[in-house]
Amino acid sequence: MKKINIGIDGMTCEHCVVSVNKAINKVKGVMDIDTSLSKGESTILALDDINVEDIKKNIEEAGYTPLAYETADVSDAEVRKTAKSEGGQTGSGHNYDYDLIVIGGGSAAFSSAIKFADEGKKVCVIENWVIGGTCLNRGCVPSKHLLEAARIYYEPLSNKFKGIETKQAHIDIKELIKRKTELLNSLREMKYYNVLRGYNNIIFIEGEGRFASKNSVEVIPNDKKIDSYKITSDKFIIATGSANLIIDINGLGDVGYLTNEEILNLDYLPETLLILGTRTVSLEFAQMFRRFGSNVIVIGRSGRILLNEEPEISEALLNILKNEGIEFLLNSSIKRLYKDGGKKYADIETEDGLKTVIFNEFLMATGVVGNTENLNLEAVGVETYKQGYIKVDGELRTTNQDIYACGDVTGITRLVTTAAYDGKVAANNMLHGKHIKADYSFVAHTIFTDPEVSSVGLTEEAAIKEGYDVAKVVFPVEYVPKAQAIFKTDGLIKMIADKKTNKVLGIHMLAHNSSETIQQASVYLQNSYTIQQIGEEIGVYPTMAEGLKLAAQSFTKDVSKLSCCA
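When we follow our numbering, the leftmost residue of the sequence shown carries the number 2, and every step to the right adds one.
One should not assume that every hint holds.
[As the list claims (entries may be wrong)] Cut-off 25 angstroms, straight-line C-alpha distance, at most; resulting in silico cross-link-like pairs (PhoX-like, lysine-lysine):
#1 Lys-23 - Lys-40
#2 Lys-323 - Lys-489
#3 Lys-489 - Lys-558
#4 Lys-323 - Lys-336
#5 Lys-489 - Lys-473
#6 Lys-504 - Lys-466
#7 Lys-168 - Lys-145
#8 Lys-40 - Lys-27
#9 Lys-23 - Lys-4
#10 Lys-145 - Lys-161
#11 Lys-345 - Lys-356
#12 Lys-562 - Lys-473
[To be verified] Label-pair ranges, simulated between beta-carbon atoms:
#13 Ile-221 - Lys-501: 54 to 62 angstroms
#14 Met-32 - Arg-198: 15 to 23 angstroms
#15 Lys-215 - Lys-501: 47 to 55 angstroms
#16 Gly-382 - Lys-145: 38 to 46 angstroms
#17 Tyr-230 - Cys-14: 54 to 62 angstroms
Just so you know, these hints were derived from the structure itself, not from any lab.
All residues carry an ideal CB built from backbone N, CA and C; glycine is no exception.
Please build the complete structure, drawing on both the sequences and the hints.
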């Protein structure tokens with residue numbers, strides 16, 4: 002092994018250190034890097050055949066100037082001794098295969114892996130399904146692609162612009178699915194495989210990973226020609242996401258079912274789609290397939306949809322979806338599924354008695370569980386709680402201090418944005434002994450129905466539980482001038498505030514493109530805006546975002562009596 006000390010000019014901040022580490026790490030043969038901003042140098046551990054000129058070239062290409070360098074031969078014993086004194090990966094006397102092993106291959110996994118790799122660490126990412134996780138492959142991206150296709154196909158039937166004649170023509174589901182698949186392949190290449198090519202210290206393995214001991218993971222390759230083997234580390238992150246919760250229904254095995262994964266690859270249009278569940282996945286697919294032309298029946302055990310959203314929003318969206326022709330059977334349950342004469346039937350217990358419906362496909366949209374079943378967590382003392390989710394503290398550490406968990410598998414949030422955030426929090430805590438606590442207080446979310454449901458901050462119920470004396474307004478979107486101009490007047494904005502301070506506590510929207518507006522609402526909450534401050538904002542006109550200003554003004558004024566931008 003060789004130890005190289007090389008001076009570097011031009012580093013001004015810690016970001017420069019990360020950039021230098023990343024540049025040096027691309028050189029074949031580099032094993033470890035320690036770059037010091039204060040000393041203006043990098044200490045590099047590398048294989049004997051390392052070419053220092055390659056290191057200098059990469060430093061220059063990164064925008065810095067390599068200075069004089071010294072090289073020295075070091076023995077394996079010296080390497081271990083140095084690592085021990087510096088608290089490195091071999092600090093316990095072990096020479097592990099990796100500085101970090103991540104089980105899972107989605108947003109949380111790659112976020113943490115990149116953070117480690119940027120600091121010169123060697124990382125292994127193990128994924129037994131498809132690279133990119135739920136969001137890219139069976140969630141956010143493909144569903145929003147097809148929702149937009151459904152909107153375009155449906156738009157001629159709801160055109161409100163007089164003077165423009167629009168007609169609904171033909172729909173080719175097979176072609177839509179083909180294009181969707183091409184899009185996903187392109188994004189996997191762009192967002193994941195290209196990332197891997199940029200980091201020679203991130204090793205990606207296609208296979209199943211499960212704990213064998215406190216410092217080892219057994220890898221069962223997807224390629225069955227390769228025998229299982231073990232890899233070692235002293236740091237681990239579990240980012241395996243979630244799996245669909247399948248409810249046991251009499252006859253389910255005979256008629257079959259779809260999840261969000263299979264329905265995204267359905268290459269024909271069912272005459273009738275039966276959906277169990279009344280939350281995000283259910284409602285997005287219900288509207289999508291209704292707009293494509295299917296009859297859609299949604300069954301829910303509760304008396305309303307979207308139980309986690311404000312009741313005013315649930316009621317308004319329910320009416321909108323009913324007006325599009327979706328049938329809802331609430332306070333209902335499926336008693337039996339069966340086939341007869343080549344057709345599929347469901348016996349449904351409703352408020353009005355037993356109802357039998359004929360359907361072609363059945364979508365199970367009843368929620369998710371933690372994807373932890375095959376990880377052998379008992380071997381490493383990692384505890385789970387309800388529905389298989391991993392128990393973590395505020396710093397995302399599990400009940401094993403050397404193992405962290407991120408993303409859906411913790412059961413805390415189910416957003417790709419928070420999964421990536423979790424990965425960074427966990428990586429920083431593991432790398433530098435920090436005690437950063439994950440904070441989701443002002444994270445917004447959206448349900449991509451049309452109009453969209455978006456929310457950030459406390460609901461009215463949550464604010465009351467926290468002891469606030471609550472003031473609220475429910476503001477109709479029809480009073481927003483932009484909504485009138487483009488005939489997108491369905492919906493409402495509910496704003497929650499503290500009566501004592503007028504500080505806004507939560508903003509909840511059912512409105513056209515509210516996924517864009519809610520970002521602005523999140524900034525208001527992060528900066529503790531009052532209703533007066535929001536009401537006095539000077540923004541672009543006309544926009545749907547003006548609805549936030551008008552909603553804030555409606556706490557104290559009758560906005561129907563205000564002129565434009567007043």
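Verification of the supplied hints:
no. : hint                                  : in the structure
1   : Lys-23 - Lys-40                       : holds, 18 angstroms
2   : Lys-323 - Lys-489                     : holds, 17 angstroms
3   : Lys-489 - Lys-558                     : holds, 24 angstroms
4   : Lys-323 - Lys-336                     : holds, 24 angstroms
5   : Lys-489 - Lys-473                     : holds, 24 angstroms
6   : Lys-504 - Lys-466                     : holds, 17 angstroms
7   : Lys-168 - Lys-145                     : holds, 23 angstroms
8   : Lys-40 - Lys-27                       : holds, 22 angstroms
9   : Lys-23 - Lys-4                        : holds, 18 angstroms
10  : Lys-145 - Lys-161                     : holds, 24 angstroms
11  : Lys-345 - Lys-356                     : holds, 14 angstroms
12  : Lys-562 - Lys-473                     : holds, 20 angstroms
13  : Ile-221 - Lys-501: 54 to 62 angstroms : holds, 58 angstroms
14  : Met-32 - Arg-198: 15 to 23 angstroms  : holds, 20 angstroms
15  : Lys-215 - Lys-501: 47 to 55 angstroms : holds, 51 angstroms
16  : Gly-382 - Lys-145: 38 to 46 angstroms : holds, 40 angstroms
17  : Tyr-230 - Cys-14: 54 to 62 angstroms  : violated, 41 angstroms
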